[in-house]
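I would like the entire structure built from these sequences, with the hints used as guidance.
Position in the sequence shown (from 1) plus 841 gives the number in the numbering used here.
Everything hinted at is true.
Taking lysine to any residue and the SDA-like style, the derived pairs with C-alpha atoms no more than 20 Å apart in a straight line are:
id: 1; residue 1: LYS985; residue 2: VAL1044
id: 2; residue 1: LYS1035; residue 2: LEU1117
id: 3; residue 1: LYS1065; residue 2: VAL991
id: 4; residue 1: LYS917; residue 2: MET906
id: 5; residue 1: LYS985; residue 2: TYR925
id: 6; residue 1: LYS985; residue 2: VAL927
id: 7; residue 1: LYS917; residue 2: LEU1047
id: 8; residue 1: LYS887; residue 2: LEU946
id: 9; residue 1: LYS1065; residue 2: TYR986
id: 10; residue 1: LYS1060; residue 2: ALA858
id: 11; residue 1: LYS917; residue 2: VAL1031
id: 12; residue 1: LYS1033; residue 2: MET906
id: 13; residue 1: LYS887; residue 2: ALA945
id: 14; residue 1: LYS922; residue 2: VAL1044
id: 15; residue 1: LYS1035; residue 2: ILE1045
id: 16; residue 1: LYS1035; residue 2: ALA903
id: 17; residue 1: LYS917; residue 2: HIS1048
id: 18; residue 1: LYS985; residue 2: PHE926
id: 19; residue 1: LYS854; residue 2: LYS1060
id: 20; residue 1: LYS985; residue 2: LYS1065
id: 21; residue 1: LYS887; residue 2: VAL899
id: 22; residue 1: LYS1065; residue 2: TYR925
id: 23; residue 1: LYS922; residue 2: LEU1040
id: 24; residue 1: LYS1065; residue 2: LEU982
id: 25; residue 1: LYS1093; residue 2: VAL872
id: 26; residue 1: LYS854; residue 2: THR1115
id: 27; residue 1: LYS985; residue 2: ALA931
id: 28; residue 1: LYS917; residue 2: SER1030
id: 29; residue 1: LYS1060; residue 2: ASP993
id: 30; residue 1: LYS1065; residue 2: GLU988
id: 31; residue 1: LYS917; residue 2: MET928
id: 32; residue 1: LYS1060; residue 2: GLU1070
id: 33; residue 1: LYS854; residue 2: ARG1057
Derived by calculation from the structure, the hints in this document are not laboratory data.
None of the values given here were measured: they were computed from a predicted structure.
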Amino acid sequence: MTENEEENGKELKTSIALYVGMGAFIVLTQVIALMLATPFEVSDIKAFDNPESMWNPVYFFALIMVFTAFILIVFKYGGDKFVYFVMLAAVAATIYYVMIALDALIYEFIAGVSEQAYTMLQVLRPYSILPLVLTLILTLLLYKYPEWYVLDATGVIIAGGAAAIFGISLGIVPVLLLMIILAVYDAISVYKTKHMVTLAESVIDLHVPILFVLPRDRKFSLLKNSELEDAFFMGLGDAIIPTILVVSAFMKYANTTPALGAMIGTLVGYAALTRLAGRGTPHAGLPFLNSGAIIGFVIGYVVMIA
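Rendered as structure tokens:
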């Protein structure tokens, strides 16, 4: 084997490992979202009061547009620090909601182990500060040491929490409409206007968990300003948006086949995306991921009613 062939072989193995790793983030997002969906539902933590309203996707998309425009404008006038603290506050809020749900899961687990212990802890539950303490710890860690693996760990929590909240807040038809709108928008913003590429490049420098990061080189470090070409990036939205359909289907139907179909379809769409992602240029993920999730959901739904 020549030196070039050996080098190409190593590069191929690294690329495969990176693609599998990013796929694992999608799966983790789906699993965490499904775990949090019921606790959020019980705690009435929702984004919209009426999940079936067809205005919900419009509000969702409008919010994304306004927030994106806000960030780009502030960046243009040198307000990087302001954007950073706004994003950090949004991240902290999402983490807090997730910790509330995890707190509820812990109590349910204790109830299954010991009814007596559960009864005793219920007295203390209104005074529990565990969600707040964990949120403060993670937020402080992000502020003080935002290395890539810290961003990934908190990113999975945020992605799962966001997908769960919107999944229980949107009915099936509104979710499908939202996914189609966002897939088209993602394609336009990456390939035509390219403002999403500009936004992603600017946000990377802020070191906030809205991107998953996997290094190609073991020496890669965000804190030491390593070359960005030495890492593989994927936006949290690529994991969140298709997972919203997974959660919505899971909560809607007693049969889990449609939700499972959406999960598998997302991964099939991701596999198709990876055929392009290794070519060195940014690619819109949602057209592939959303299409896969929708097709998988439809197949699962047909199987369910057959």
